[in-house]
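Going down the list, the protein sequences come from chains A and B.
Residue numbers are given in full-length UniProt numbering: position 232 of the first sequence equals residue 232, and the series is strictly consecutive.
Residue numbers are given in full-length UniProt numbering: position 112 of the second sequence equals residue 112, and the series is strictly consecutive.
It is worth saying that the hints were derived from the structure and are not from the lab.
Any given hint could be a false lead.
Claimed, not checked - Derived list of chain B stretches under chain A, where covered just means 3 residues or more per stretch with a C-beta under 8 Å from a C-beta of chain A: (1) 4-16; (2) 87-101; (3) 184-196; (4) 232-238.
Even glycine gets a Cβ: it sits at the ideal position worked out from N, Cα and C.
Number of protein chains: 2
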Amino acid sequence: MLPEVEQRLFIAQQLAAVSGEILIQYFRRSHLQGGTKIDQVSAIVTQADEEAEQAMVDLIQAQFPQDGVIREEGKNIAGKSGYTWVLDPIDGTSSFVRGLPIFATLIGLVDADMRPVLGIAHQPISGDRWQGVQGEQSNVNGIPLVNPYKASEINLTAACIVSTTPLMFTTPVQQQKMADIYRQCQRTAFGGDCFNYLSAASGWTAMPLVIVEADLNFYDFCALIPILTGANYCFTDWQGKELTPESTEVVASPNPKLHSEILAFLQ
Amino acid sequence: MLPEVEQRLFIAQQLAAVSGEILIQYFRRSHLQGGTKIDQVSAIVTQADEEAEQAMVDLIQAQFPQDGVIREEGKNIAGKSGYTWVLDPIDGTSSFVRGLPIFATLIGLVDADMRPVLGIAHQPISGDRWQGVQGEQSNVNGIPLVNPYKASEINLTAACIVSTTPLMFTTPVQQQKMADIYRQCQRTAFGGDCFNYLSAASGWTAMPLVIVEADLNFYDFCALIPILTGANYCFTDWQGKELTPESTEVVASPNPKLHSEILAFLQ
């Protein structure tokens, strides 16, 4: 690991802790008690998001004032160090609003070429923390991630196809591709956000998952890139190309054979 | 509470514990290690389901041999006591296969008129247990359920519409109704299964949830009826009628005003 990355890994752990402490305060708290107005619906989520993000940005600026920040909530910050943080305080807002403990704080770090060198995902309720560093094996809570389907001969007819919501497939072309895939696969599942990727990369799934998503932003998947690739997961755009800050369509599969098979539907 | 129901409440608690112990053994275990064949995909889920259900049925038959059983996995058992258990060992298979800790064991009890008198929902990973008894206030882990939106003046434009999967709306009429609702509401969320109802009934949600589902079986919602109604939640079929073993379309809302509003779209 480069010394510049190693120093920042220490801070990344602190960012996860700081964000987690804030989110725990807001989780499963109804905001309408006390007569909140209608236009403040989901205000609690916004507040939790903004507060957690700002706490992370403050910490970055105190420790690495030259680093840039790409963030979900606030304004991006240009950097001079060659390193940029990519922050999503709550990935899984749809879970957070429902009180489901499967959201996470995503913390990515990219180099001057905008390639992810570090990724942390932190689920504050269970306390689970995933870590990926470019070129190293990923881990959850320090335990190396095992991908049981890495060399499996299983094909798409036996896989579970996962997306957070079908409403992310906004174009007729995307919808047609997904309809074709649904006819081919064994099961479908919705919801889950980043937790789908993390669970899959951890080998926690009772069947092979192929995750197909669209309409994403860089902060939705940047931190997941080193985590998934360091767990032998295939993770590309729908053309099979490396993910970039401009990518919006992503697909993740447990092995190259399954990945080729799903790409044939998506390309 | 009727003495017959009170006696069975004690057993219902034991059923939840027995099922939970089995599910914990199987959760987040990949079954493909060791060369499982392709036709055994999701075998681990089936095995967990069947084993948990059989353990519950054995316990019922030992304690109340005259009771009937309606079950997800095995053959139904006709009873003579006037009481019938309605069992779903894993509600949330789509969460279970992904390693998401938001499935639950659902245990319902209906009287001779097939009306739910008792409902238990147990999430074995967090250990959370919800309990509803006809005519009483429901609780989670012994804590009374609070519905913060019970008297809220909020309307559908400020609510989050929830369904486990949009693929449960199989007819063009259902799909049209949902499309109309999606245009009206504030947010949508998918996945979650029974946990959506339980979280909503517990007041754990950051905005009011309206849950709309179709293509369900009795064991999917029977246990939820006493839990939700004992938490001041409205829970009916799409016509606004009381749920019965024949119902397949359900809708749950935090107050009568919101319920009327959503029914106008569904009827």
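Here is what the structure says about each hint:
no.: 1; hint: 4-16; result: violated (count 0)
no.: 2; hint: 87-101; result: holds (count 8)
no.: 3; hint: 184-196; result: holds (count 9)
no.: 4; hint: 232-238; result: violated (count 0)
When held up to the earlier numbered hints, the structure conflicts with 1, 4 and fits the remainder.
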